[in-house]
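K.L.:
Here is how the chains run, residue by residue.
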Amino acid sequence: MTTTSAIFAFPADLIRRAARGTALPVATILLLALTLWYAGTVFLNAAVVTDQYQRDRKTSWTTEEFIADTMSMERPVLPAPHQVAAELEKSIFGVRLTSKRNLLYHAWVTFSAAFLGFGFGNLLGIALAIAIVHLKSLERALLPWVIASQTVPTLAIAPMIIVVLGSIGFVGLLPKALISTYLCFFPVTIGMVKGLSSPEPIQLDLLRTYSASEVQTLRYLRLPASLSFLFPSMKVAVALAIVGAIVGELPTGAQAGLGARLLAGSYYGQTVQIWSALVAASVLSGASVGLIDLGERWLDRRLGGQR
Amino acid sequence: MTTVPQPRPEDGNSLKPGCIPAVEVKDLSLVFQTADAPVHALSHVDLTIEKGEFVSFIGPSGCGKTTLLRVIADLQQATGGTIEVNGTSPQAARLDRAYGYVFQSPALFPWRTVERNITLPLEIMGLTKTEQKARAKRVLELVNLSGFARKFPWQLSGGMQQRVSIARALSFDPNLLLMDEPFGALDEIIRDHLNEQLLDLWRRTEKTLVFVTHSIPEAVFLSTKIVVMSPRPGRIIDIIESSLPRDRTLDIRETPEFAEIAHRVREGLKAGHSYDDH
Ligand SMILES: Nc1ncnc2c1ncn2[C@@H]1O[C@H](COP(=O)(O)OP(=O)(O)OP(=O)(O)O)[C@@H](O)[C@H]1O
Ligand SMILES: [Mg+2]
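Line by line, the protein sequences give chains A and B. Residue 127 in UniProt numbering sits at position 127 of the first sequence, with consecutive numbering throughout. Residue 78 in UniProt numbering sits at position 78 of the second sequence, with consecutive numbering throughout.
Keep in mind the hints are simulated off the structure, nothing from the lab. All figures in this text were calculated on a predicted structure; none of them were measured in a lab. Take the hints with a grain of salt, since some may be wrong.
One-sided excerpt, in silico: chain A residues whose CB lies under 7 Å from chain B [unchecked claim]:
#1 Ile202
#2 Gln203
#3 Asp205
#4 Thr209
#5 Gly304
Virtual Cβ for every residue (Gly too), placed ideally from N, Cα, C.
Please model the entire structure based on the sequences and the hints provided.
P.N.:
See below:
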């Protein structure tokens, strides 16, 4: 997922990188990935095409014909990039935006749950970090639980959250958002504990000479100092939030969202649909990370960054 | 900054004996427990600093100048003896925001502009925005950095950063200023200039100044009292009451009186070193 999200990185970011003369490496990587993908398509679909030829009692074929056939199957093991692109175009521009068959509609459903979960996750992560940094006893009491929470497989816990919340009347957006929260508070907590503890002793001493309160120390020193730790954590968290939302869509019977498209695709062996949903998820992650990156740069400039 | 106990008008001359001293240290010791051997950073230190005095600590590196200043500021706790600041415990004085502290390094917040670094204590103390701006402007003029209000610390040289940190300590107008080698990183010319500015400020406002330096001429030029210290264990080996008048200009450095005091400081420092060789 990370390679694809790099390929489909946020356009503004691509433009800036091009301006800085990094366009060539980016284009090289893109080309390499596409080449590998096409090679994979031929390699992985070869067996199926051969089977098909045997069934059709076809005895002679040219290499071009064979390669073309591996790339035009209806249910390939691995669809070719242009097949995915065609499916993307059809499902984004071929149907009305509000239609349940439009991929953007599903991406929006997933994004809204992920976004809400990301918001909750940040709040929870920051709150936990503040508590841990200020109450030394909590570090021992809380941190093991925070870490243990992440060793539980999401796939195992997601259906339980959906079912439990469903039984008390919460359906739709919220349960999915909570799964996102569950995944993405963790990097934020870890990053912020580090960030809030990052001020140097002399900076803390300075505020001590002003007899600043703990709250003032947090506001004037710890929080601003932690920002350079928060943003990298947020980039990890936002990708996890999208994964969480997708996983949350699987056990609900898959009515809407990218998760639903993945599930429906695998029911009917629609690999092209699966892959186009995967690409959509990657673009979504890449764009979200790009947005956070823009926010980081903006804040960095405002706060006197040297870049 | 209204909580600082001001000398009341009827006190008259704040140098008058009987007035509560700004700092009173009796038989103070401080031992750092380190992994290997304990470090005797301060040993049996006795010192009284009257209100309105300009006191310099001078001594070789590691003799405990910073440590003594930090004890006065309640940033470090003594392990023996007693200390009072403004007649109360250092902690009470700190909570009262009774002093301004200039650290050995600038300790500016990199995400704040020069101006907002200076207004930091004012924000914490709850002054109005206009008052904050006015004070920042005034102290920036005092340290000759008027044009740099909107710059960020990394855009300034080390010496300029140190001047910002001095301006920051002056911004809330504390009656007691604790300065740890504030001019160490500055060139001779700007150092002379700031020495004069500081002396002028001290005379006008009757503040109490406690000043750490490595420079004998600087200590003699500025101080009414020079405290000569020596290391291992950190202790006071001489306290010199200056005979120079409170009103002085840089020319005073050419007088025989000045040379005489400087000589005594140098002798004290030498004595501290020879003790070290045993
Ligand atoms: N936190 C600490 N833990 C252990 N030892 C310390 C600590 N702080 C200072 N010391 C020791 O105490 C002694 C005095 O240190 P201090 O910083 O007061 O010296 P100084 O006179 O200010 O020196 P300089 O002129 O180099 O600034 C030194 O030997 C130093 O190693
Ligand atoms: Mg020192």
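K.L.:
Now, for every hint given, state plainly whether the structure supports it.
P.N.:
Against the structure, the hints come out as follows:
Against a cut-off of 7 Å between C-beta atoms, the interface hint on Ile202/A holds, since the closest Cβ of chain B lies about 5 Å away. For Gln203/A, the interface hint holds, the least distance from its beta-carbon to any beta-carbon of chain B being 6 Å, beneath 7 Å. Among the interface hints, the one on Asp205/A holds; its C-beta lies about 5 Å from the nearest C-beta in chain B, closer than the 7 Å criterion. Among the interface hints, the one on Thr209/A holds; its C-beta lies about 4 Å from the nearest C-beta in chain B, closer than the 7 Å criterion.
Against a cut-off of 7 Å between C-beta atoms, the interface hint on Gly304/A holds, since the closest Cβ of chain B lies about 3 Å away.
The structure fails none of the hints (numbered hints given earlier).
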